[in-house]
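Build out the structure end to end from the sequences listed, making use of the hints.
Number of protein chains: 2
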Amino acid sequence: MLKFIPVKYIFSRNKEFLRKVYRLTGFYPRNISIFKIAFTHKSASIQFDNDKYINNERLEYLGDAILAAVIADYLFSYFPFKKEGFLTKIRARIVSREQLNEIAIKMGFQDLVVSQMRINGTKNIYGNAFEALIGAIYIDKGYKKTKKFIINRIIKKHINISELIVTDSDYKSQLIELAQKNKLEILFEDSDAQPIEQNVPYFNSTITLNNQILGKGTGSSKKEAQQNASREALVKILEFLP
Amino acid sequence: MLKFIPVKYIFSRNKEFLRKVYRLTGFYPRNISIFKIAFTHKSASIQFDNDKYINNERLEYLGDAILAAVIADYLFSYFPFKKEGFLTKIRARIVSREQLNEIAIKMGFQDLVVSQMRINGTKNIYGNAFEALIGAIYIDKGYKKTKKFIINRIIKKHINISELIVTDSDYKSQLIELAQKNKLEILFEDSDAQPIEQNVPYFNSTITLNNQILGKGTGSSKKEAQQNASREALVKILEFLP
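Protein sequence lines correspond, in order, to chains Z and A.
According to the working numbering, the first sequence holds residues 1 to 242 in order.
According to the working numbering, the second sequence holds residues 1 to 242 in order.
Any given hint could be a false lead.
DSS-like cross-link-like pairs, simulated, lysine-lysine; straight-line CA separation at most 30 Å [to be verified]:
id, chain 1, residue 1, chain 2, residue 2
1, Z, Lys-141, A, Lys-42
2, Z, Lys-147, A, Lys-82
3, Z, Lys-144, A, Lys-157
4, A, Lys-52, Z, Lys-183
5, A, Lys-83, Z, Lys-144
6, Z, Lys-36, A, Lys-222
7, A, Lys-42, Z, Lys-82
8, Z, Lys-145, A, Lys-222
9, Z, Lys-83, A, Lys-147
10, A, Lys-82, Z, Lys-83
11, A, Lys-141, Z, Lys-89
12, Z, Lys-42, A, Lys-222
13, Z, Lys-145, A, Lys-172
14, A, Lys-145, Z, Lys-141
15, Z, Lys-223, Z, Lys-83
16, A, Lys-147, Z, Lys-147
17, A, Lys-83, Z, Lys-52
18, A, Lys-145, Z, Lys-89
19, Z, Lys-123, Z, Lys-147
20, Z, Lys-83, A, Lys-172
21, Z, Lys-157, A, Lys-223
22, A, Lys-147, Z, Lys-148
23, Z, Lys-52, A, Lys-223
24, Z, Lys-42, A, Lys-82
25, Z, Lys-52, A, Lys-145
26, Z, Lys-144, A, Lys-147
27, Z, Lys-82, Z, Lys-145
28, A, Lys-145, Z, Lys-83
Not everything, but these chain A residues come out facing chain Z in the computed CB check (under 10 Å) [as the list claims (entries may be wrong)]:
id, residue
29, Arg-30
30, Ala-68
31, Leu-209
To list a few chain A residues with every Cβ distance to chain Z over 12 Å, as calculated [unchecked claim]:
id, residue
32, Lys-15
33, Leu-24
34, Tyr-61
35, Leu-62
36, Val-70
37, Ser-77
38, Ile-139
39, Gly-142
40, Ile-176
No lab work stands behind these hints, which were simulated from the structure alone.
Backbone N, C-alpha and C define an ideal beta-carbon position, used for all residues, glycine too.
This is the structure we're talking about:
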């Protein structure tokens, strides 16, 4: 539900911009300029004082750090018994470039970012502006509100933490664990190195259960081949299990 | 001036510990255990539930992120016209392992950290406990107070920001200074821009002393190439000098 725009902004020439920020964040900014800067890509920098340029890069630097802190805090409470290595890994997945770009695009940053670049697949400008927005919120509203924004509008809406864990890339361990739990006897069969193009060897790995192939994988190392086969097998097994 | 210990702690068996925390942080903790954990090195982990261990590693993970955020914020305001690259660099210097270890030792962490290791030069346990302490303060007191603690008790007391800038890894200046001092005639030779893949130009820089190559560097600017060459040259020169 759209809250009424504050009286002081009713005749603002930034009314449309303010509405967009509201839709995105759930509040009206105190300091409008800082939010304008957050959406200003380097290519559209605003010059001042002859030799100084304003764009969202400084805010991105700030937002990146605040985002990392909030996510660290969130995961710390969310997983009270997990070790720091696990927490670090999950956090890295949440704040990965691709993830941030994707979230920014889902949130409609295309409509807000000001840039002079022709956008050909460089989604980074959205992910970066997204971090800059977090920096702007932090400056305008402080840590607590930024934390709330990140948890309610980002994590809860756009991040599926259980999925991030399942997509934990150690598929082999997961597969073995799952098989043991369900008393399934799975078998790994690895080929020796096979020479292919460019003299790069590659490996095959096949995983079977009762002589039925569960998964096949290739890779430039035995480990990689097993991982790929395990991923396939995991998906298949998870379909069968109750 | 030591504030009186809160009444509820007067007969606490943790009185001595509480005094130490007070001296270090300027406040008495609400949650004593979290501070005890902050000073518990992995080697002195406390076991519970048969298969779970408590030590300061999770708090270190948290404190590390909070510290980075506070420093990012601090530098953002401290240098309103510096670019994000500069800010990132200075921050990295402030939170470097050696710097944190050193601060922790100056603050007297030796007296607080519980460890089963014989300490042979592994100062990391102090720097890590220092980060864990920041995690503990954050949990016990929130972001604002943690920020205050970091700024007043760490940055203002232990960090000389101007010195950090001067000891900027400006290798070229260092090299020239060193050469002049030792009356060595070094020569810089810079190539023009070389086009390489993707149309990004790059530069070569070579530093010689008596026709012998001291260092070579490349970079996307002349300056960067010179810096890289200077670093190499510095290392070589330092080996020769008494």
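Hint by hint, here is what the structure shows:
1. In summary, the hint linking Lys-141 of chain Z to Lys-42 of chain A is not supported, as the alpha carbons are separated by about 38 Å, beyond the 30 Å threshold.
2. Using a Cα cut-off of 30 Å, the hinted pair Lys-147 of chain Z and Lys-82 of chain A holds, with the two alpha carbons roughly 26 Å apart.
3. The hinted pair formed by Lys-144 of chain Z and Lys-157 of chain A meets the criterion: a straight-line CA distance of about 27 Å does not exceed 30 Å.
4. Of the pairs offered as hints, the one joining Lys-52 of chain A and Lys-183 of chain Z holds, with about 26 Å between alpha carbons and a cut-off of 30 Å not exceeded.
5. The straight-line distance between the Cα atoms of Lys-83 of chain A and Lys-144 of chain Z is roughly 26 Å, inside the 30 Å bound, and the hint therefore holds.
6. Among the hinted pairs, Lys-36 of chain Z with Lys-222 of chain A is inconsistent with the structure: their alpha-carbon atoms are about 34 Å apart, more than 30 Å.
7. For the hint pairing Lys-42 of chain A with Lys-82 of chain Z, the CA-to-CA distance comes to about 15 Å; that is within 30 Å, so the pair holds.
8. At roughly 44 Å between alpha-carbon atoms, Lys-145 of chain Z and Lys-222 of chain A are farther apart than 30 Å, so this suggested pair is violated.
9. A C-alpha spacing of about 25 Å is found between Lys-83 of chain Z and Lys-147 of chain A, which places the hinted pair at or below 30 Å, so the restraint holds.
10. Restraint check for Lys-82 of chain A and Lys-83 of chain Z: the C-alpha separation of about 37 Å exceeds 30 Å, so the hint is violated.
11. A C-alpha spacing of about 27 Å is found between Lys-141 of chain A and Lys-89 of chain Z, which places the hinted pair at or below 30 Å, so the restraint holds.
12. Pair hint Lys-42 of chain Z plus Lys-222 of chain A holds up; C-alpha atoms about 22 Å apart against a cutoff of 30 Å.
13. Restraint check: the Cα-Cα separation between Lys-145 of chain Z and Lys-172 of chain A comes to about 45 Å, which exceeds 30 Å; the hinted pair is violated.
14. Proximity of Lys-145 of chain A to Lys-141 of chain Z is assessed by CA-CA distance (about 17 Å); at most 30 Å being required, the pair is judged to hold.
15. Distance check on the hinted pair: Lys-223 of chain Z and Lys-83 of chain Z sit about 24 Å apart at the alpha-carbon level, within 30 Å; holds.
16. A distance of roughly 15 Å separates the Cα atoms of Lys-147 of chain A and Lys-147 of chain Z; the hinted pair therefore holds under the 30 Å criterion.
17. Note on Lys-83 of chain A and Lys-52 of chain Z: the hinted pairing holds, with a Cα-Cα distance of about 10 Å set against a maximum of 30 Å.
18. With a CA separation close to 28 Å, the supplied pair Lys-145 of chain A and Lys-89 of chain Z stays within the 30 Å bound.
19. For the suggested pair Lys-123 of chain Z and Lys-147 of chain Z, the alpha carbons sit about 25 Å apart, so the restraint of at most 30 Å is met.
20. Distance hint between Lys-83 of chain Z and Lys-172 of chain A is unfulfilled; the C-alpha atoms sit about 43 Å from each other, more than 30 Å.
21. Straight-line distance between C-alpha atoms of Lys-157 of chain Z and Lys-223 of chain A comes to about 45 Å, which puts the hinted pair past the 30 Å bound.
22. Restraint check: the Cα-Cα separation between Lys-147 of chain A and Lys-148 of chain Z comes to about 18 Å, which is no more than 30 Å; the hinted pair holds.
23. At most 30 Å may separate the alpha-carbon atoms for a hinted pair to count; Lys-52 of chain Z and Lys-223 of chain A meet this at roughly 20 Å.
24. Of the supplied pair hints, the one linking Lys-42 of chain Z and Lys-82 of chain A holds, its CA atoms being roughly 15 Å apart against a limit of 30 Å.
25. With a C-alpha separation of about 34 Å, the suggested pair Lys-52 of chain Z and Lys-145 of chain A falls outside the 30 Å cut-off, and the hint is violated.
26. Only pairs whose Cα atoms come within 30 Å are accepted, and Lys-144 of chain Z paired with Lys-147 of chain A is accepted, the gap being roughly 13 Å.
27. Of the supplied pair hints, the one linking Lys-82 of chain Z and Lys-145 of chain Z holds, its CA atoms being roughly 27 Å apart against a limit of 30 Å.
28. In summary, the hint linking Lys-145 of chain A to Lys-83 of chain Z is supported, as the alpha carbons are separated by about 26 Å, within the 30 Å threshold.
29. The closest approach between the C-beta of Arg-30 of chain A and any C-beta of chain Z is roughly 17 Å, which is over the 10 Å cut-off, so the hint fails.
30. The closest approach between the C-beta of Ala-68 of chain A and any C-beta of chain Z is roughly 5 Å, which is under the 10 Å cut-off, so the hint is satisfied.
31. The beta carbon of Leu-209 of chain A is not positioned within 10 Å of any beta carbon in chain Z (closest approach about 37 Å), and the interface hint is therefore violated.
32. Every C-beta of chain Z lies more than 12 Å from that of Lys-15 of chain A, the closest at about 29 Å, which supports listing it as non-interface.
33. For Leu-24 of chain A, the non-interface assignment is confirmed: its Cβ lies about 22 Å from the closest Cβ of chain Z, beyond the 12 Å cut-off.
34. A cut-off of 12 Å between C-beta atoms contradicts the statement that Tyr-61 of chain A is not in contact with chain Z; the least separation is 4 Å.
35. Not every CB of chain Z is more than 12 Å from the CB of Leu-62 of chain A (nearest about 5 Å), against its label as outside the interface.
36. Not every CB of chain Z is more than 12 Å from the CB of Val-70 of chain A (nearest about 8 Å), against its label as outside the interface.
37. With a least CB separation of 9 Å from chain Z, Ser-77 of chain A falls inside the 12 Å interface cut-off, contrary to its annotation.
38. Under the 12 Å C-beta cut-off, the non-interface status given to Ile-139 of chain A relative to chain Z is violated; the minimum distance is some 8 Å.
39. Not every beta carbon of chain Z lies more than 12 Å from that of Gly-142 of chain A, the smallest distance being close to 8 Å; the non-interface claim is violated.
40. Ile-176 of chain A, annotated as away from the interface, keeps every beta carbon of chain Z farther than 12 Å; the closest lies near 26 Å.
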